[in-house]
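Chemist: For reference, the chains in residue letters:
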Amino acid sequence: GENVEQHPSTLSVQEGDSAVIKCTYSDSASNYFPWYKQELGKGPQLIIDIRSNVGEKKDQRIAVTLNKTAKHFSLHITETQPEDSAVYFCAASRYTGGFKTIFGAGTRLFVKA
Amino acid sequence: SQTIHQWPATLVQPVGSPLSLECTVEGTSNPNLYWYRQAAGRGLQLLFYSVGIGQISSEVPQNLSASRPQDRQFILSSKKLLLSDSGFYLCAWTVGVSNTEAFFGQGTRLTVV
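Protein chains in written order, with the numbering used here: chain C, 1 to 113; chain B, 1 to 113.
Read the hints as simulated data drawn from the structure, not as lab findings. Each hint should be verified, as a subset may be incorrect.
Taking lysine to any residue and the SDA-like style, the derived pairs with C-alpha atoms no more than 20 Å apart in a straight line are [said to hold, decoys possible]:
1) C:K112 <-> C:D17
2) C:K58 <-> B:E101
3) C:K37 <-> B:Q45
Same shape as in the complex, but just chain C (with noise of 0.2 Å):
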């Protein structure tokens, strides 16, 4: 069946550095790229997504990248704040008469004071 591959599970980085958290697909119908943060005890929230007609999309300090011809996409946040630390996932989705999203594993990411 489809999946979504996420790495790393666990990220800890110092305030102020950069965060890469990378994702693969197998799906090759999937054609939106929606990345969540999901705080303690809560629901996902939407962050950033990509759709598959775009190789990068940028909004502040965050920003997706994708490759459709390998099925890769990523995540990278810059000078990253203590509250930026969540879990974070992504995921790959299609369309076939509602919304088939495949969810990674999730990352852990830890920003250091």
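Given chain C, work out where chain B should sit, using these hints.
Modeler: Frame of chain C; chain B shown alone:
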């Protein structure tokens, strides 16, 4: 504005007991609705999704079932809970046929004892 309500927030149930988790959406019509489960330290597993009243798609065969009795109501049920049903259950919704952001509820932490 659109909101999603999910309850209860926490639940402790004995093995073999029934389960009913409810999710309702306000401020939108004909949403696509989803139930996800998040096991401890793991990603989000899609359990069910629904594109309309009475229309349920199951992603993972298991001890759970879902129903959509009204347009903006989605219910997750079980007749007899297993220990392996423990986890964090999240309801989510999207609207339309274009890939869009999924909005998540606050989640229900279920512990089966």
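Chemist: Let me make sure I understand: some of the numbered hints might not hold for this structure. Which ones are they, in numerical order?
Modeler: Checked against the structure, no hint fails, so every one of them is satisfied.
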